[in-house]
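**Q** As given, the protein sequences belong to chains A and B, one line each in that order. Each residue of the first sequence is one higher than the one before, counting from 1 in my numbering. Each residue of the second sequence is one higher than the one before, counting from 1001 in my numbering.
Calculated directly from the structure, the hints in this document are not laboratory data. One thing to keep in mind: the hints can contain errors.
[Stated by the list, open to error] Here are the computed distance ranges between Cβ atoms for each label pair:
# : chain 1 : residue 1 : chain 2 : residue 2 : range
1 : A       : Gly165    : B       : Arg1184   : 37 to 43 Å
2 : A       : Gly71     : B       : Asp1243   : 53 to 59 Å
3 : B       : Asp1026   : A       : Gln42     : 54 to 60 Å
4 : B       : Ala1182   : A       : Thr143    : 27 to 33 Å
Beta carbons are placed, not taken as given, at the ideal position from N, Cα and C, and that holds for glycine.
The chain contents come next:
2 protein chains.
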Amino acid sequence: MKIRIGILGYGNLGKGVESAVAQNPDMELAAVFTRRDPGSVQVRTQGVRVLSADALKEMKDQIDVLVICGGSATDLPVQTPEYAALYNVVDSFDTHARIPEHFAKVDAAAKAAGRIGIISCGWDPGMFSLNRLYANCILPEGTDYTFWGKGVSQGHSDAVRRIEGVKDARQYTIPVPEALEAVRSGKNPELTTRQKHTRECFVVAKEGADLARIENEIKTMPNYFADYDTTVHFITEEEMKRDHSGLPHGGCVIRTGVTGPEKEHKHVIEYSLKLDSNPEFTGSVIAACARAAYRMNQEGMSGCKTMFDIAPAYLSPKSAEELRAHLL
Amino acid sequence: MKIRIGILGYGNLGKGVESAVAQNPDMELAAVFTRRDPGSVQVRTQGVRVLSADALKEMKDQIDVLVICGGSATDLPVQTPEYAALYNVVDSFDTHARIPEHFAKVDAAAKAAGRIGIISCGWDPGMFSLNRLYANCILPEGTDYTFWGKGVSQGHSDAVRRIEGVKDARQYTIPVPEALEAVRSGKNPELTTRQKHTRECFVVAKEGADLARIENEIKTMPNYFADYDTTVHFITEEEMKRDHSGLPHGGCVIRTGVTGPEKEHKHVIEYSLKLDSNPEFTGSVIAACARAAYRMNQEGMSGCKTMFDIAPAYLSPKSAEELRAHLL
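Between the sequences and the hints, there should be enough to build the whole structure, so can you do that?
**A** Have a look at this one:
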């Protein structure tokens, strides 16, 4: 009996989840749900139905876990609590500042329904958060560092696309090698925003657009670019398609700390990711969390959870005995 | 009300736990227990009693978690089940092949007593195991690699010390840089034992000993050295003391895998540790596990657990709300 997964929202992340489900033999994709016209959506997995999101009202007996692949700004704050009242759900809510509020709403809905809702799954929040937590528990006296990249930031790419005269854009976030080096060596540097990351933009301009103005608007954009050293390259549409069509990302979480009666011993804990596809990796984390949601609910648990609340064994298709014998 | 920790066994690891407890404000060291003459043991923490291990029969109301710091070969297989019948216990049992058997014995004792016994805490087994598990759940199609070092292997150092004519010895395990590089690049190499690590020995020979014979005995020692490229350096006692008195270690766990409909995207997950003091880092992991043992038992759980069974939030002194607000 496989775990029956539903996917709501078939963008990059939904496709990433679909691909992850296909790699996990204990799961099957039961259906894809969309708010668009279902007839306009073509899914990759053979034989999988595409249904209107409205159909979710009546499919409780056909879906074990619903993965909600909407955006964190407006979709998930509504959808995750709504569907947690009907299904075990998993999302990748990533607006860090609003997590407590999102948690409370999902928790109330899931508890009332006797379901599990796992929020903020992925790599940041997600695996990076977990590694911050473990490292903080092990080394209570220390400093945390998170570096992102080299990789495509979708939010920053979108921000550049909104500038007048820009036809297409891709923004890469890049850690500063010297900063990384200083952290890894245990020097415990204090780093400003500018010292940690640089930003590199590849821009396709509309014909006749004022390139100098575009470059200036990018580099001075508050929140997004003003605090960083930013490089802007104007390229052709062909170059964009040829060289920048992927969505690679990655980064690392480092904690340095001290132990010993005189705090004389230094330690460096580092977790790093190099990802060819950000949405497929995120989808893969979500698939493992969907398994945990199903199993925890089978054991009678309910309410909202984050990866902090999931005993790692729940994420695995292997039995506890197998895990102890082969991975411990 | 602090968590009252008892330490049984006051060697390098016991001292590492002591130092970790001092860094965690929600814990206090209640007593150190020894099988030696308690009068012969001097502990670093002021005001802490040193008692005979026999006293453990009657201290159930004074100790919340007993950390058992014996050896995996003969101490822990007896001690952990024995004391799990009286206390919440934590050990660092590291004989991988015998973990299932050890688990079963501790589980029976802890369940009967309504206590928690957490076994095999540390970094390998421990944090390395956890990272193998998480990475396997995220990337079901992939390959695992574990590299140890550069660091002192106590077992190998002991093996060299047992050779006739050797007065003292220290053995370093060193990952082969080219192998690490190939793995990190996602090339998925198949590596033999010899291709992954080299071994370097520093030996103080007794006066008049046959150095060529010692070197040959080391390099051809089955299981320990025969499958590796080993370098042997003869040094003086002063050099040993000056350059090799620490117990640094570390290493990394890497999983490379693929995702996507055509498995066209590669991913590399790496967890790495650089430790100035192996026993103090291990002691720090154990302290966090002791907190989890106490809290899980307070919630009514019992039986044997490994780090696979511990929801990460239990390891932290912070509340679930704080963790979500600040570390997620």
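**Q** For each hint, tell me whether it holds in the structure or not.
**A** Checked hints:
1. A:Gly165 - B:Arg1184: 37 to 43 Å: Distance hint for Gly165 (chain A), Arg1184 (chain B) holds at roughly 41 Å.
2. A:Gly71 - B:Asp1243: 53 to 59 Å: holds (57 Å)
3. B:Asp1026 - A:Gln42: 54 to 60 Å: Given about 55 Å between the Cβ atoms, the range holds.
4. B:Ala1182 - A:Thr143: 27 to 33 Å: holds (32 Å)
When each numbered hint is compared with the structure, no violation occurs for any of them.
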